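Following the hints, complete the assembly by docking chain B onto the known chain A.
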Amino acid sequence: MNQLDLPILTLLTFLPAIGALFIMLSNKEGVVQIRWMALVISMANFICSLPLFFCFKADYTGMQFVEKVPWIKEYGMTYFLGIDGISLLLILLTTFFTPICVIACWKDVTKKVKEFMMCLLLLETGMIGVFVSLDLFLFYIFWEVMLIPMYLLIGVWGNPARRVYAAIKFFLFTMFGSLLMLVAILVLYFYNHSVTGEYTFNLLKLYELNMPSLYQTWLFLAFFVAFAIKVPMFPFHTWLPDAHTEAPTVGSVLLAAVLLKMGTYGFLRFGMPLFPVATYQFVPLISILAIIGIIYGALVSMVQKDLKRLVAFSSVSHLGFVVLGLFALNVQGIQGGIIQMINHGLSTGALFLIVGMIYERRHTRMIADFGGLAKVMPVFAAFFMIVTLSSIGLPGLNGFVGEFLILLGTFRSNVVYAVFAATGVIFAAVYMLWMFQRVMFGEVTKEENRHLKDLSLREIGILASILIFIFWIGIYPKTFLSKTETSVTHFITEFNKKYEACIQKEKNYLVLNTSEELITKK
Amino acid sequence: MDLVIPKIDALSLCPELVLSITAMLVLLVTVYLPKGRKDPAAYVGLLGIFIALMSLTLLWGKPRYAFNNMIMVDNFSIFFNMVILVTAALSILMSITYLKEEGMSHGEFYALILFSAVGMMFMTAGANLITIFLGLETMSISLYVLAGFLRDSNRSNESALKYLLLGAFSSAFLLYGIAFIYGATGTTDLKGISEFLSRATYMKDPMLLAGMGLLLVGFGFKIATVPFHMWTPDVYEGAPTSVTAFMSVGVKAAVFAAFVRVFSHALWDLQPDWNQLLWILAVLTMTLGNVIAIAQTNIKRMLAYSSIAHAGYIMMGMIASNELGTSSILFYMLAYAFTNLGAFGVVILFGRKGEGNLDIEDYSGMGFKYPVLGLLMAVFLFSLAGIPPTAGFVGKFYIFSAAVKAGYIWLAIIGVMNSLVSVYYYLRVTVMMYMKDPVKDLEGLHWSPSMIVALIIAVAGTLLIGIFPSPYLDLAKQSVLHLM
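If you read the sequences in order, they're chains A and B. Numbering-wise (the working numbering), the first sequence opens with residue 1 and increments by one. Numbering-wise (the working numbering), the second sequence opens with residue 1 and increments by one.
Just to be clear, a hint being listed does not mean it is correct.
[To be verified] Cross-link-like lysine-lysine pairs, in silico, DSSO-like; alpha carbons within 30 Å at most:
| id | chain 1 | residue 1 | chain 2 | residue 2 |
| --- | --- | --- | --- | --- |
| 1 | A | K375 | A | K446 |
| 2 | A | K111 | B | K440 |
| 3 | A | K73 | B | K436 |
| 4 | B | K62 | B | K191 |
| 5 | B | K477 | A | K28 |
| 6 | A | K68 | A | K57 |
| 7 | B | K191 | B | K477 |
| 8 | B | K62 | A | K169 |
| 9 | A | K111 | B | K369 |
| 10 | B | K191 | A | K112 |
| 11 | B | K440 | B | K369 |
| 12 | B | K436 | A | K169 |
| 13 | A | K497 | A | K478 |
| 14 | B | K436 | A | K305 |
Since the hints were made in silico from the structure, they are not lab data. If you're wondering where the values come from, they're calculated on a predicted model, not measured in any experiment.
The shape of chain A in the complex, shown without the other chains:
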């Protein structure tokens, strides 16, 4: 269904790319002009994405704003876009964060501005493309295309010392997973053909396929590796701290806010609904890995000396929560997972921006180099405090809603998991507050810190716009939860229906086989 009768998703996806093209054609020297162009384009894209939110029919279970054009007919590839409650908020998160990033790097990025803005906009195209594709082939293309601008962002504008290492590591890790996924996609495609006689990459049609559990196990594993690397789940997380630490500020922001969500989104959109039997099989393994991630990420965060690395490891912990929630396989868990993806995007994105802001002033990110900043930069301190508390999950702020729902969902499915995961909340308070204390409170010990400038209007504007949503979700999450509810409920019922069907089919098959055996024996 497409309630707008406009190819709005296409517009959203390709507007930034077209913008990048215009920037490419503009003069390299006109740096200010290029920045404004990027800002206008990304703002325009954000505005274009608002109708998605307001015209979204919350009680409709299917895909909305659908566009479908045959692309490579003979092999069943279609240009098939559409969104539901699962992807809606993620798209808005993407379009929201891109202009913020453009503003955030206004002063930060001074060399090769033109190329930087092009990468940023192309990245936006890739990210939105991933969230709106309902054709596996198309999805895979966006999934891969997105790597290139991110790789360049890290590698060209990152920290000189280790940026190349981090960029290549990021690229190879992600590529490893996605190539395995590619083979799995092909196997799925040909399996579907052998059953239905139709070549198609259409996700909705592939949902209807009931595969034997052995197939499901292997295919799920291949998808799992791709997504687990992207999330990143323990033990596939090692690329993340490097990428985050070496990337320029806005690179880290987008990486944390959007790119990591592609992994969790992938589970929800592809891994779970395509292979329900395997999903149930792997719930214990994945949950345990998620819990390890939660606790391990938190513990490692505690001992970090570098602010950015600390935030990076906290992402591992937070995304552990998201995965745990998704694999609770009930409405609360999944809704919590989705809202927590958004929360993590907002609060960790803001944290990276904040770290970037003091890095810009002091050119260091070592916790030991700070102390007592609250006295020097009171406005900064206030913002930092709120974001820190949001990341910890203080009631009244966004983090609480997500974590609460996730723990609720997990508790319903497995008490033990919930108990262990809950410790993560405590650890989060420990590492975040301790970090905050060391950076902001106490006496000003370093002479360089005494005359730091407080936030500029531009920086206040950026953080304030994020804070609006931090409070909004914390106080009245219904605005957002109501958008996801129908889709999640539908997801769960379909998922269970398919699970039953697969199990039933397998049983019938077994009965058939045994009876055949009996006949042959006689």
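Relative to chain A, chain B alone:
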């Protein structure tokens, strides 16, 4: 003994005839041109190629044998001929300024390229082992000369000599194989061989298997499969870069065409035997090619090893042994032609006079100094690495899907893991281009119109096939439809 005089069916040979006549014309024209100003010879050659391309369309969709079953003109050969002609055209375009800068602007160069292309076209159309062999020799002998064309350069001479010696060996293997197969089946006609083998009474003859093995070695040499790849890096490095570009695509296309015709059709009944061999060869070729490419510091050598690896991927299409597999080879060849020629084009342009800038390190800072050139190189490299939205991605996707469809899931997994390895060394060039500061003076790039045209064609092909692959996939599919 009756002497059968074959019916002269000139139309079937139209493209080859046009090209041969053009080559001779080029030789003739070049005599009247002043020294050092041989460009018109190249344009004559290009015109000939264009006419030959047009004449291909006349033959499309009307499969037929000609010259007493020596020649087979079908869509399959036409598709490959198209690839070969495009390759030849782009190589000539890239050579014009290059040769001038190297002080080697001779009309014979273009004539040799054309003669070599004629040889390649005979290989793709060969319906008889003898035709294939003749085509191979015509192609190779021209290439031996071309490889050593920079006669003042030691490397070029070394390259030519090495290619000649090893090429002679491989021809001998091939010929020996043909002899064995003739001995076992009593014919060199591909259709005859296939008919002989499909007869139910036939028992597996060791001589036949030996012949098959020898053919495999002969073809393997030319397409540079491991372990017959030793010559490739040296020859590719030493030969003039435009010749390397021509060899890396043209020879592969021609030999793969013959390879598929002989193995997947004439020797179809031995498929279980050669399939396992090819499986091992493909895995070895991909893996070794990619792994060794990582260690290269010279970009031509790196591309040489990468071309070895690509031969491995293409072999996957043969192993799949289904229609999808064969058409994926065709499609991959087309995608690879544009991509690889483009990459070599950038290497030629960036190498500048005397080929001083062939180390990967020389590319440091190039991406920002020459944004357009850097972007082009990045597109070609990403296409070689198989990253969308480029032709290379669709090609790989197609080949891997053929392998998966035929049930070779492990082979597909090895294939994708190999392309992961390849990503590393292709990325390294982009790292140099965009993430390092220049180590050398990057001035003095000579943009010639012909090179610009060549690069535009290459990049347009790479992106167009990558984003709208539909018509080309169709073309490849139709090309294997009436394969006889």
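To see whether the hints hold, each was checked on the structure:
| no. | hint | result |
| --- | --- | --- |
| 1 | A/K375 to A/K446 | holds, 13 Å |
| 2 | A/K111 to B/K440 | holds, 21 Å |
| 3 | A/K73 to B/K436 | violated, 43 Å |
| 4 | B/K62 to B/K191 | holds, 18 Å |
| 5 | B/K477 to A/K28 | violated, 45 Å |
| 6 | A/K68 to A/K57 | holds, 19 Å |
| 7 | B/K191 to B/K477 | holds, 22 Å |
| 8 | B/K62 to A/K169 | violated, 52 Å |
| 9 | A/K111 to B/K369 | holds, 13 Å |
| 10 | B/K191 to A/K112 | violated, 62 Å |
| 11 | B/K440 to B/K369 | holds, 12 Å |
| 12 | B/K436 to A/K169 | holds, 17 Å |
| 13 | A/K497 to A/K478 | holds, 28 Å |
| 14 | B/K436 to A/K305 | holds, 28 Å |
Of the numbered hints stated above, those contradicted by the structure are hints 3, 5, 8 and 10, listed in ascending order.
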